[in-house]
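Undergrad: Whenever a hint applies, use it, and build me the whole structure from the sequences.
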Amino acid sequence: MEWLPALKLDWSNGWLMLGVFYLIFGVLMLMTPKDIVIKLFSVSGWSRQQVIFSAIGKPFSLTCLGIIIFSPLKIWQDVFMAGCAVFLVGFTGMMIALFNFRNTPSNQPVTQGLYRISRNPQWISLAIMILGSCMAIGSWLAILLLLIAVVFYHFRILGEERACLNRFGEPYQNYLKRVPRYFIFF
Numbered sequence: 380m381e382w383l384p385a386l387k388l389d390w391s392n393g394w395l396m397l398g399v400f401y402l403i404f405g406v407l408m409l410m411t412p413k414d415i416v417i418k419l420f421s422v423s424g425w426s427r428q429q430v431i432f433s434a435i436g437k438p439f440s441l442t443c444l445g446i447i448i449f450s451p452l453k454i455w456q457d458v459f460m461a462g463c464a465v466f467l468v469g470f471t472g473m474m475i476a477l478f479n480f481r482n483t484p485s486n487q488p489v490t491q492g493l494y495r496i497s498r499n500p501q502w503i504s505l506a507i508m509i510l511g512s513c514m515a516i517g518s519w520l521a522i523l524l525l526l527i528a529v530v531f532y533h534f535r536i537l538g539e540e541r542a543c544l545n546r547f548g549e550p551y552q553n554y555l556k557r558v559p560r561y562f563i564f565f
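So the sequence shown is numbered by our numbering: it starts at 380 and just counts up by one.
In case anyone wonders, no lab produced these hints; they're calculated from the structure. The reader is advised that the hints may include incorrect statements.
What the hints assert, rightly or not - Restraint ranges, calculated between C-beta atoms of paired labels, are given here:
| id | residue 1 | residue 2 | range |
| --- | --- | --- | --- |
| 1 | Met410 | Ala385 | 34 to 40 Å |
| 2 | Met380 | Arg541 | 33 to 39 Å |
| 3 | Ile403 | Ser423 | 36 to 42 Å |
| 4 | Tyr561 | Trp382 | 24 to 30 Å |
| 5 | Gly548 | Pro438 | 15 to 21 Å |
| 6 | Ile403 | Thr442 | 23 to 29 Å |
| 7 | Phe562 | Ser391 | 31 to 37 Å |
Using N, Cα and C, we set each Cβ at its ideal position, and we do this for glycine too.
TA: In structure tokens:
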């Protein structure tokens, strides 16, 4: 691991890992009903503070992604293998959560599949995938930027939960009481 790998655009950079995910994600979104896609990306019902904190987190996550895209994978090194394993855990969780989300009607809260053990499996899985990518390129700076972004995205998650509470009412309130926000945490 190093603070910041030498940045250059190459075929064997960290973009490969995220590229696979975003390609599959894009195809899945094209095959998903429009009302479900709108529900997935909606920011209605957020407070001004949640919008601001979410916006503050974006440059950290975008910088982290930039480092991943322009940094070579540490192929044949232990950090690469560990990073790939972590990435696959996140990727698997994300795919399951996306299908759970996709298969729930837009007029209902998503409470099935991974959503039975976490209210936010997509965000957690995405963070795990990006962490795996940071490890695979061997960058402490990318990991630090990811951690800062995750703190700010907590406010985004609060906004999403608030919007769901306003939209779905008591059933969602009961769901909030039953299921932790971050798997076993909180």
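Undergrad: Could you work out which of the previously given hints the structure breaks and list their numbers from low to high?
TA: Structure breaks hints 3 and 5.
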